[in-house]
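Turn these sequences into a full structure, and let the hints steer you where they fit.
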Amino acid sequence: MNQHTTPVRRAARSRRRRAGAAGAAAAITLGLAACSGGTGFTEETPSGGDDGVDDGTVTVLIGSSGAAETESVEAAVAAWSDESGTPAEVLVAADLTQQLSQGFAAAEPPDVFYLSSDQFAGYADNGSLHPYLDQVPQADEFYSSLLRSFTYGGTTYCAPKDFSTLALVINTDYWDAAGLTDADLPTTWAELRKVATTLTTDDHVGLSFAPEWQRIGAFMAAAGGTLTSRDNAAATVDSAENLEALTYVRDLLAAGVAAFPSSLNTGWGGEALGSGNAAMVIEGNWVVGAMTADFPDVRYRVVELPQGPGGPGTLQFTNCWGVAAGTDTEAAVDLVTTLVSPDQQLAFADAYGVMPSVSTAGEQWAAAHPDQAAFLAGADYAHGFPSAPGASAVLADFNAQLEGLPDADPAAILASVQVDLQAVLGG
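Under mature numbering (1 follows the signal peptide of the UniProt record, and there is no 0), the letters of the sequence shown match residues -33 to -1, 1 to 394, in that order.
No wet-lab data here; the hints were simulated from the structure. Keep in mind it's a predicted model, so treat the numbers as computed, not measured. Take these hints with a grain of salt, some might be off.
Unchecked claim - Here are the simulated lysine to aspartate or glutamate pairs, EDC-like style, with alpha carbons at most 20 Å apart: (1) Lys161 x Asp218; (2) Lys161 x Asp143; (3) Lys161 x Asp151; (4) Lys161 x Asp149; (5) Lys161 x Glu179.
Given below as structure tokens:
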């Protein structure tokens, strides 16, 4: 969930940056300022000094969920470096969004870096990314929904490194105590409300999810709603489908059978489930690692989210391996090709719980983790983030409004976000 906070050492200055990189990246820095926090790069001069001479090192900037992810990426990059003979260094960001924008603004970005789907469009829009997907041998094996998250202006720029989806996570002790069986697993919204009501007691609520689009948006997807048209040309927030979804969620909250984690004195859905304050939560597959580490005695199961009026729906969360325009792209792309190979993705999945972004590895992952198959099933119908510069700021405002959903007018919220999102889409 949170990025691993580690001081970052800048390696030798990056290679052969294209003219005008600093000017183009300035727009990114301004556009992302509202979304970033923490500190910038921590300057430490490497042993022997830094005279600005290129030593050919490929720098890789990541935002890590913890030691397992950091060590796995470092090991994979080191193995590639040994095999290729090209020096490489992994830099772990304390604040990935801020440090990446600072690197581009200084015309010294990392060669390879994590790039989230909600930040991607800003970098693609001003020419900061090198499009390389056509050079990756397994390009046709990536899930199509993931590729759409990294397509801008008709060009798919980068390879998805892995992904997560949302599912329904159930405390099985509470489920059994309520007299529920497999026959009661909810497959529709009506059934979800029914079991949430049954599971709600004086000690815990039936269902919990965070007050943000990144969770509530799954209901919008299941209602048949979207945030933008498929080509990202028009905002589609203010729709009958999205209104039906927010009204359903507001009614669950008003009935007392659902609650936000903050009202349960918890920080997020995984904590609400693990602490026993919620019988069911809507969370992504990162919850598996958190439950193992923090709540090992809590028994749970994972099932797909119930279908809504529009059918199945969930959200996907993904990063790609970005490659900076003007860098030594041959070495950088060769490294990325290794990092997204099926075998390497399976190794990453085993190490820190993500799902592979290529279908061949996904099938192997599902066979090895049948208890998490519901997460992978969502890949076929998951909705991603809107691919447009400035969209992340609109979502931040949307989330602020969703916090007041229990007492708000869903139609007014959607109308407000519609105007703001259409503005950043250019109309």
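Hints, verified against the model:
{"no.": "1", "hint": "Lys161 x Asp218", "in the structure": "holds, 13 Å"}
{"no.": "2", "hint": "Lys161 x Asp143", "in the structure": "holds, 15 Å"}
{"no.": "3", "hint": "Lys161 x Asp151", "in the structure": "holds, 9 Å"}
{"no.": "4", "hint": "Lys161 x Asp149", "in the structure": "holds, 14 Å"}
{"no.": "5", "hint": "Lys161 x Glu179", "in the structure": "violated, 23 Å"}
Of the numbered hints listed earlier, the single one contradicted by the structure is hint 5.
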